[in-house]
Amino acid sequence: MPDHTLGEFEEVVMLTVAILHDNAYTVTIINEMEERLNRKASIGAVQTVLRRLEEKGMLKSAFGEATHVRGGKRKRYFKLTSLGSKVLKDTKEQRIGLWKAIPKLSFT
Amino acid sequence: MESEKRLPPKWMLSIVKMLIHPDYREDIEGDLLEIHQQNVSKFNVQKSNQLFFREIILLIRANLIGLNFFNKSVMKKKDILILTMICLALLGAIMLPFLQGSFSIATVIVSGISQAVGFIGLVFVPVGIVGLAVNQISKFKAEPSYKSRFNYAMALTALIMGSLLYAGLNTALFINGDIKAGTLTLLMGIFLVYRAFSYLQRNAQVIPFQRVFVYLICIPLVAFYGRKVLAFELADMSRNHTINQAAIWITEIESYKKITGEYPDSINELNAELPQPKYMGIRDFSYQKKNGTYNIFFVQWVDMGAVQEVVVYSNTDDYNMKGHFASYDASQPHWKYFWLD
Chain E
1036 MPDHTLGEFE EVVMLTVAIL HDNAYTVTII NEMEERLNRK ASIGAVQTVL RRLEEKGMLK
1096 SAFGEATHVR GGKRKRYFKL TSLGSKVLKD TKEQRIGLWK AIPKLSFT
Chain L
10 MESEKRLPPK WMLSIVKMLI HPDYREDIEG DLLEIHQQNV SKFNVQKSNQ LFFREIILLI
70 RANLIGLNFF NKSVMKKKDI LILTMICLAL LGAIMLPFLQ GSFSIATVIV SGISQAVGFI
130 GLVFVPVGIV GLAVNQISKF KAEPSYKSRF NYAMALTALI MGSLLYAGLN TALFINGDIK
190 AGTLTLLMGI FLVYRAFSYL QRNAQVIPFQ RVFVYLICIP LVAFYGRKVL AFELADMSRN
250 HTINQAAIWI TEIESYKKIT GEYPDSINEL NAELPQPKYM GIRDFSYQKK NGTYNIFFVQ
310 WVDMGAVQEV VVYSNTDDYN MKGHFASYDA SQPHWKYFWL D
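Quick mapping for you: the protein sequence lines, in order, are chains E and L. Numbered by my numbering, the letters in the first sequence go through residues 1036 to 1143 in order. Numbered by my numbering, the letters in the second sequence go through residues 10 to 350 in order.
This is chain L alone, in the form it adopts within the complex (with noise of 0.2 Å):
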């Protein structure tokens, strides 16, 4: 029908339901209705509804929306910018040793403790979702007109989830066999649930927002991320790249077989210039020569800085590679990677 065609898709009004907050929704709807309505007068359907979506980008603000967690009321400005900067700067730090540039072990380094929050920050996450519930339900049982029941029950819920997290991790550590470690968080667990109940007792006694339970949540997910999908990724990428790198050395030390009749004691013999891999967390190339065969390889770190990852050509595929826990076939032909403790 006509009509229809002059009203914005129905998934970009989804999502406005969804993002802003109720006691806006109504007003900011209509507005923006009316806004569209105009522009379909002035230019076409199409132009009008690009134009209706980025007022809807343009929605999203601290204040507008209605994500308590960004609510203005509890998280300033201040505090998600200086939350998106450290989840930057932690990313940027896990991306370091990938980047392009000479060889820095200071890069691993930084990178590393920048997985680990990753991982030893992962015990955090429940503690910050425990706080924040206790939180909400602390508002609700003051002013039960708070928001609405939804809004406790979901906080309960956050509550028991989070209670359940901790527990598990907690057990993780003692199945894993980290008596000390175990030991120390199932005592922080009892202290925190104890301080979380004591807050719920009291009459009438509405726990202050703080920020730190967004960061303890927050920081310690966006690490992980990093962690295991982003520093594997580009692990990948650094490798193969290194691998495309080292076919120069594979051709120049195969010529000077033709000419000589065998392959060279060092690379010096070569008397060519030999590219280098380009990353920070790799350091140069290293030929080794054994038994009328040779092998390239090179050394990246992986996982937190701990795994070291050596990667070997062989051109009659005899790696005689000894104390690693893991091997793994590369992009190329001939090529292996092997990860060592």
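Extracted from the complex, chain E is given alone in its bound form (with noise of 0.2 Å):
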């Protein structure tokens, strides 16, 4: 059994920041997932998942600027540590071993 397992919106959020790379903060994760997966979620639903994975070791953040649009607040970026690739690796090894042992007449 891996050391770490992933919910399902918890691999989202983390491939959505594996995707933006430096870009990635609360708005633009949100407004990537709007776009590529036509799912809205809440501010308080990314930030919670962001900050737990940042616990587990899998993400780490730092602030970035400042604008004016946020009312002089600045930006928390997010980015994987090689504890959150490698846990993205295996997930997506997993996945595939599981899609590849269906028999081909289940989707007959």
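No wet-lab data here; the hints were simulated from the structure. It is possible that part of the hints are untrue.
Label pairs and their computed distance ranges (CB to CB) [as the list claims (entries may be wrong)]:
{"id": "1", "chain 1": "L", "residue 1": "K56", "chain 2": "E", "residue 2": "L1140", "range": "17 to 23 Å"}
{"id": "2", "chain 1": "E", "residue 1": "F1044", "chain 2": "L", "residue 2": "S207", "range": "45 to 51 Å"}
{"id": "3", "chain 1": "L", "residue 1": "M21", "chain 2": "E", "residue 2": "A1101", "range": "17 to 23 Å"}
{"id": "4", "chain 1": "L", "residue 1": "S50", "chain 2": "E", "residue 2": "N1058", "range": "15 to 21 Å"}
{"id": "5", "chain 1": "E", "residue 1": "E1043", "chain 2": "L", "residue 2": "K19", "range": "54 to 60 Å"}
{"id": "6", "chain 1": "L", "residue 1": "E242", "chain 2": "E", "residue 2": "K1114", "range": "54 to 60 Å"}
{"id": "7", "chain 1": "L", "residue 1": "R15", "chain 2": "E", "residue 2": "F1044", "range": "30 to 36 Å"}
{"id": "8", "chain 1": "E", "residue 1": "F1044", "chain 2": "L", "residue 2": "L173", "range": "44 to 50 Å"}
{"id": "9", "chain 1": "L", "residue 1": "I122", "chain 2": "E", "residue 2": "E1043", "range": "43 to 49 Å"}
{"id": "10", "chain 1": "L", "residue 1": "K19", "chain 2": "E", "residue 2": "A1101", "range": "15 to 21 Å"}
{"id": "11", "chain 1": "L", "residue 1": "M21", "chain 2": "E", "residue 2": "L1140", "range": "26 to 32 Å"}
{"id": "12", "chain 1": "L", "residue 1": "I184", "chain 2": "E", "residue 2": "E1089", "range": "53 to 59 Å"}
Idealized CB from N, CA, C, for every residue including glycine.
If you follow the hints, you should be able to join the two separate chains into one complex; please do so.
What follows is the structure, encoded as structure tokens:
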């Protein structure tokens, strides 16, 4: 059994952070998820998952620049850690393994 | 100014400042404002404000809000859920006799016991306050940089207030003549104070958080509210509704008298289908003829199931009630209710 397992929403958030690379903060993550998956998420939901993943060591965060639109408040950017990258890769391999194990007849 | 109209209302921003943990506040506020600006471009200001408020509500999560009380590191989601279930169950139990259904003495007993939690349990509220305060103070002493001096000051204040509250309750027991209970709580208080200060004397010792202190504060207070506010309001409601139901009885009895010239000896003589009270804590109506007049009455229990409330109708306002310690006029003319131990 792997040391870390990801919930579905955690996986989606981590993948979105990976896609956005250097530009991953809450607003861009929400916008990216809505655009790619047609899935709306609240700031609270995304922030909860980001904090949890950070506590688990899969993400790291740092303050970025402040903008006028944000009322002078700084953005907090998130990035995958090496542990986070490994967990994502392991999760992907598990999914692929499960798909490959499905007999051809199951979808006829 | 146009630019100010595009900002969310200040009172909503104040809620965010109050609610969110200080460590997360800056970036969450910025995220909210940025999404609000996006919405203002897409929709109108009013809808954007509605969406902003919705986002604030959805921010209420244990690991984001800044009240130490519900910080995820001290109260787990499971604990909050259990506490909420217990409080809801208590309130539900208190409400039972005032719900519609056939009479059941069990509902009165269950309600009485639940209300008693809001009486006897009050002595544990200062214990919970002191326990939480000791936990916070121990954390501050072990890690002086922990949070801030403000938290330490609040914890110390809570410790003093909790102790005074406990002393006040204890004194009230003695004044009330309850020597055994007063002595028991006094000894318990001395023991708890000794333990609390022993913990605080030890160096660099952080007391692990005990969620039981939160339960000791919340559960009795919720039961107290249920007893002092909810139960009395519901008793008024069930009494008034039952009085309205009795109007059919009065009409039939008076019709009988018009026809026969006198009131019936018993209700069976009426040959009419008469309604009975619809509440689980109220027995059937009773009819009593005496001296050319009559009474209709019913009984419900209030205040921890220990006080019997006899609600009486008399067309001549002659209630002839004894043994009660209080009486009040009911909502309808010729009705009165009496409280008996």
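Check the following: the C-beta atoms of K19 (chain L) and A1101 (chain E) are separated by a distance inside 15 to 21 Å.
Holds, at about 20 Å.
Okay, M21 (chain L) versus L1140 (chain E) on CB: inside 26 to 32 Å?
With a Cβ separation near 56 Å, M21 (chain L) and L1140 (chain E) fall outside 26 to 32 Å, so the hint is violated.
Hint says 54 to 60 Å; check whether the CB-CB distance for E242 (chain L) and K1114 (chain E) agrees.
holds, 55 Å
Holds or violated: 53 to 59 Å for the Cβ distance of I184 (chain L) and E1089 (chain E)?
holds, 55 Å
Cβ distance range 17 to 23 Å for K56 (chain L) and L1140 (chain E), holds or violated:
Between K56 (chain L) and L1140 (chain E), where Cβ atoms are some 50 Å apart, the hint is violated.
Distance restraint hint 30 to 36 Å, applied to the beta-carbon atoms of R15 (chain L) and F1044 (chain E)
holds, 31 Å
So the hint says 43 to 49 Å: do the beta-carbon atoms of I122 (chain L) and E1043 (chain E) match that?
Distance hint for I122 (chain L), E1043 (chain E) holds at roughly 44 Å.
Okay, F1044 (chain E) versus L173 (chain L) on CB: inside 44 to 50 Å?
holds, 48 Å
Just to be sure I understand the hint, the distance between the Cβ atoms of S50 (chain L) and N1058 (chain E) should be within 15 to 21 Å; is that true here?
holds, 20 Å
Return holds or violated for the Cβ distance of M21 (chain L) and A1101 (chain E) against the range 17 to 23 Å.
holds, 21 Å
Distance restraint evaluation - F1044 (chain E), S207 (chain L), Cβ atoms, bounds 45 to 51 Å:
Holds: the Cβ-Cβ distance is about 46 Å, inside 45 to 51 Å.
Is the distance from the Cβ of E1043 (chain E) to the Cβ of K19 (chain L) consistent with 54 to 60 Å?
About 38 Å separates the Cβ atoms of E1043 (chain E) and K19 (chain L), which means 54 to 60 Å is violated.
Checked against the numbered hints listed earlier, the structure breaks hints 1, 5 and 11; every other hint is satisfied.
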